[in-house]
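> Sequence:
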Amino acid sequence: MRAAENVRHTRIEEGCEQLADDIQAHGLLQSLIGYEDGGRVEIVGGGRRLKSLRIVKQRGLVDDSFLVPVLIRGIDEAVELSLAENLQQRTMSPVDEFLAFAKLMEGGSSSPADLAKRFGFSERVVKQRLRLAELVPEVLNALAERQITLDAAMAYATSQDPVLQLEVFENQAKRGRTAHDPASIRHSLRMKGLDTADPLFRFVGPDIYARDGGTYEDDLFNEPGKDRVLAQPFVLETAANAMVDFQAMRLLEELKADDAWALTIVGYVKVPTLRLHAFGTIEKLRPPVGFVMIQRADHPKLWRTVRNNGFNVHVVVGINADGQLIADPRYAFVPIAQKGAIDRPVLVDVAADRERDAAAYREREIIRWSRRLAVGPFAGTPFEGRVFWPEANSDRQFAATIAGVEGFMLSAQIFVPADQVPAHRKAAISHVDQMITTRGNV
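Note that numbering that gives the first Met the number 0 gives residue 55 to position 56 of the sequence shown, counting from 1, and the numbers run on in steps of one.
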């Protein structure tokens, strides 16, 4: 009989008709592997051969008297021999391989190091197989049915959270031809989980996380040096909340002393997830009682209005990408009765504002054009009529050092007539071939 412990569980009848044909032609060339149990012989290795023999019997070519060679061992040794046989052949499903390794670990009589020595693998490879055996059934079934690749399964195994695995798997299944891409899976798991690259971890730090009982998932499927996944993200979030509340009061005192903010800051509102992005936040912020939120991209004007009117305000605080506690100047919670004053600023010297803005614009343009004019005229050069300076909103200028000389890199737009391009193809081919020879085809 085929044993429940047989290491093959997927596609167990695949190719049995063809194997029966081969047995008819050449006989049974390899013994089965099994153990005795109450007068029965349970087959652990050779389930497909046993099925094929029964097909041969159904064809009337052998009867019950046909002798089948079986290597009889204890159950644990039989499982191990069957696994070794299949690994040598490299014909078994990877799912069967994972589950067989997990079976050998049952009872605690073997360790990953023991299995590594017996099967000729590294201990890391054995640990990977054991982790893969713990994948949610939906992922294992998809791998067994060849709906996903082994690389995709390994990507799912980078998280040990079965709920998260299943959520990402179900979302990936809706993506059509791009479903279950390993890089996409890892990205989704990282976005939904927490690792040491998260701003909150940078804010809290490894010492406090460990002090509060936080540990890490092992990184069997991550490249060395990659960020580690947190096994207890709630520990991190709890610590971060407490630290924000502790540090926020100090931050408010610093803001009051900063001329860009206001002396009348009276409190703060935390972003629900504690994370502030470069664009701000899309989370719903709950205002303190009696206050309303004002959001302005032009925040200097917002805060000038607050200062000039002496409004009591609450600021929005959170952790930025560098793991620092900051207040976002684009948000302010002001008394409801003063909302109109923010929308239509009062007690602000509009004429002085315009004068300062005009002076700042003039200075920016002087700097920009000083650098451009330093390039020299294009007239009388091959660039005449071909090089154009971009508009201010698309201009890029930044400091640079070349051959030890400090200077600036400027953006310029070069026009090339389309009818002049084909004449340079031969030279381009030579240039590209030389480049590939020198640097390699990356």
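If you are wondering where the hints come from, they were derived from the structure by calculation, not from laboratory data.
There could be a bad hint or two in this list.
Straight-line distance between alpha carbons at most 27 Å, and here's what the computed DSS-like set of lysine-lysine pairs gives [stated by the list, open to error]:
| id | residue 1 | residue 2 |
| --- | --- | --- |
| 1 | 116 | 126 |
| 2 | 102 | 116 |
| 3 | 283 | 225 |
All figures in this text were calculated on a predicted structure; none of them were measured in a lab.
> For each hint, tell me whether it holds in the structure or not.
To see whether the hints hold, each was checked on the structure:
1. 116 / 126: Satisfied, since the Cα-Cα distance of roughly 13 Å is no more than 27 Å.
2. 102 / 116: holds, 17 Å
3. 283 / 225: violated, 33 Å
The earlier numbered hint that this structure contradicts is number 3, and it is the only one.
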